[in-house]
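Novice: Sequence:
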Amino acid sequence: MGIALFVFFLGCGLAMSRRLLAEHGPWVRAWAGLAGGLLGLIWLPAATALLTGFTPRCQWIAAGMMGVFTLLTLRFAPLPAAASAPSDRPSRAERGMVALFTLLICLLLYTHVIYPDADGGLSVGQSTYGDLALHLGIVTSIAEQGEFPPDYSIFPGHRLNYPFLVNSLSASLYLLGTPLRWAILLPSFAMAFCVVAGFTSLAREILQNRSAVLWAQVLFFLNGGFGFAYFLEGATKNPENFFRIFTGFYQTPTNLVEENIRWSNVICDMLVPQRTTLAGWCFLMLCLWLLYLGLTRHRRKYFIAAGVGAGLLPMIHTHSFLGLGIISATWLWVFMAQQSRRTIRPYLRHWILYGAIAVGLAAPQLFAWTFQQADEGRFLKFHFDWVNHDDIWPWFWVKNVGLVFVLLPAALWAANRRLLSLYSGAIGIFVLADLVLFQPNEYDNNKLFYVWYVLSCILVGGFLHDLHRRLEGLPGRWIASALVLFIASFSAILSIGREVVSDYRLFDRHQVAAAEFIRAHTPKDALFITSDNHNNPVAALAGRNILVGTPIYLYFHGIGYETRRSALERMYSDPGAFPELSAQYRVDYVYFSSYERDKFKLDGRHFEQRYPRVFASGDIGIYAVSPRAIAAQAEPSRLSSIQR
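Just so you know, we're using this note's numbering here: the sequence shown kicks off at 645 and counts up by one.
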C-alpha cells in the first residue's frame, strides 16, 4: 500500500502540473509535477499527523486531501494556450545528460542504502556509512512510535529539531508496508531526477542556449578542483599514492582533509548520503526556476508558486531555505533598481505576495523547530574563510573549486546586465557563508556555498560556450574544450569511481535479527540502553528509543548529552548503581554486544545473573529489566496495551 500511496501522490502532482503549467512543454511539466507530488507527500501527512498522530489513517486522510486539491485544480485553474516555449524543449544531448546523471545517482543510492548481503547483513558505501543510520532511525521511529512531532530516538524527550520531513515521507511508505530499504530509495530516485532535470531547466531558462546548458551540467554535477594533483604527484614511483583513492576511507581528490581539500563532489557527498540536501535541492531548483520566470515574464502565478515552495522548505532543508532567502532578498533590490515608474508598482505587488506566502508558511516551522535548535546549540557565530585553516584565501578556493573559480572573474566581465543581476544573489550567499557559521559543524556551510555554485556553474558554463563559439575555425578548438572539461571533472570522476567500488558493512546479520526481534516483541515506546556507536540497530532498524546516542550526531545538533552519557556509563559499569538509575530513566531493556563489551570493559555477567535474557544471537544479548518489559515477554499479546 505504501507504493500505491507514492504513485498516487506523484500522479496527482503530474495532473496539477499539466494544468497549471500548460504553456510549458511536457519535459518541464514532468519534473515540476513530480516535485509537486513529492511536496504533497511530504507535507500533507505531516500536517495531518499533528492532529491525529502518525498513523495509517493519517496517510489516507492526506491522500484524500491531495485528491481534492487535484480535482479543484483541474476544475477551476484557467487553461492557457498549451504552446511550448522554445526554451522548454530540451535537446537530445540535454536529455541524455539528465539520464546519465540521474542513473548514476540512482545506481549509487541502490548500492549505498542498506544493500542486503548474502549472509543477511546490510551494507552501505563510503559516503553513506556515517549519516544513513541517523536517517534510518528517524524513519523507523516516526513509523513505529507514531508520535508527531517526533523526538530524537537517540535522545528521547528532546524534540527533533533537525529537518526531518524527507524522512517522514519515507516513514509514510514504511508504515504502509514498504520495506525500509525501498521506503528510502523510491522517493530518493524521484528526487534525484527532479534535481538533475530542475538544474537543467533552470540553466536553460537563464542561458537560452541548449549547448551552453551542457557545459553547466558537467561543471555542476562533476564538480571538483585540482585535488587530483595530490594523487598524481610521485605516482610513477609509488603507484599506491594514486590507487589509495579506491581503497582508503575518504582519500579522494574532492575530500582530502589533510591537504585542505573540502569541496566535495555533489553526487558522492551531497545527493547520495545527505537526504535532506537531496530533498532540499529538489525544491530549491523548482523555486529558483519559478522565481526567475516570475521576474522575467512578470506573471503572478509564478511568484505564488515560488512562495508556496519557499515557505514549505525550512523543515525539509533549512540551508536551501536560507540560500533561497538570501537570493530573493538580493534580487528584490537589484531588479527593483531596474524598474520604471510604470512597472514598479506591479513589481512590488508580486514581491509582497511572494514574501507574504513564504514567510507565512515558514514562520511556524522556524519558531517551532529551527530557532529553538539554533538557540540551544548557539549556532550563529562570526567565522571568516569557512573551513580554510592552512592556505591563503584565494589559493584555497582555486585548488578546491578549480576552473569554475578561476574563470569566474572573466565570466563576470563578459556577462551582460541580465546575468550580472542574476548572479548578485550568488554573491550575497558567498559573502555571508564565508563570514558566518550557521551550525557547530563549520563544514556544513558548504550547503550554502553549493547554492552559490549552482549559479556560478550556469554563468561560467555560458561563458565557456561563448568562448568555444568565438574560436570557431581555430585548429584544435574541440581539443581545447575537451581538455577544459577533463581538467574540470577529473577529480569528480576519480571520486565517483571510489564510491562505485566502496562497500562497508553497517549491520551484520545478528544486528538485523536483533532489530527484527525488538520490532516484534517489545513495546513501541520501550527505552533501551546501548553503547553509543552510530550504527545502532535498536534506533536505526527497530525504531526504538535509546538513552543516549552517538556524540557524532548529538553534538552537531546542539544537544547537551554529557549527563546522560555519564549515567549510561555507570549503568553498565556499576551494578550497584544500575537499579536506581534504570528506574530514574525508566529503562526497559539492556542491549549487550561487542560494542558494549569493548567500550565499558565488562562481560555482562551481572545482567545475565539478575535479569531474564529475552534474545540472544551471535554476541548480542537483550535483557528485560523493567516490570512491563518482563510482562511483555511473558504475554506478547499484551504489547499494545502496556505502552507508557
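Hints were generated in silico from the structure; no laboratory data involved. Treat the numbers as computed from the prediction; the structure is a model and nothing was measured. For every residue, glycine included, the Cβ atom is placed at its ideal position computed from N, Cα and C. Take the hints with a grain of salt, since some may be wrong.
[Stated by the list, open to error] In silico DSS-like pairs for lysine-lysine, Cα to Cα no more than 30 Å straight-line:
hint : residue 1 : residue 2
1    : K1043     : K1025
2    : K881      : K1025
3    : K945      : K1043
[What the hints assert, rightly or not] The following label-pair restraints were derived from C-beta to C-beta distances:
hint : residue 1 : residue 2 : range
4    : L694      : M645      : 34 to 42 Å
5    : L1118     : F890      : 47 to 55 Å
6    : Q982      : A737      : 32 to 40 Å
7    : G697      : N904      : 42 to 50 Å
8    : L694      : V1003     : 17 to 25 Å
9    : L992      : A737      : 49 to 57 Å
Novice: Taking the hints in turn, state whether each one holds.
Specialist: Checked hints:
1. K1043 to K1025: holds, 26 Å
2. K881 to K1025: violated, 46 Å
3. K945 to K1043: violated, 42 Å
4. L694 to M645: 34 to 42 Å: violated, 22 Å
5. L1118 to F890: 47 to 55 Å: violated, 38 Å
6. Q982 to A737: 32 to 40 Å: Given a distance of about 34 Å, which is inside 32 to 40 Å, the answer is holds.
7. G697 to N904: 42 to 50 Å: With a Cβ separation near 48 Å, G697 and N904 satisfy 42 to 50 Å, so the hint holds.
8. L694 to V1003: 17 to 25 Å: holds, 20 Å
9. L992 to A737: 49 to 57 Å: Roughly 40 Å apart at Cβ, these two residues miss the hinted range, so it is violated.
Hint violations for this structure: numbers 2, 3, 4, 5, 9, all remaining hints satisfied.
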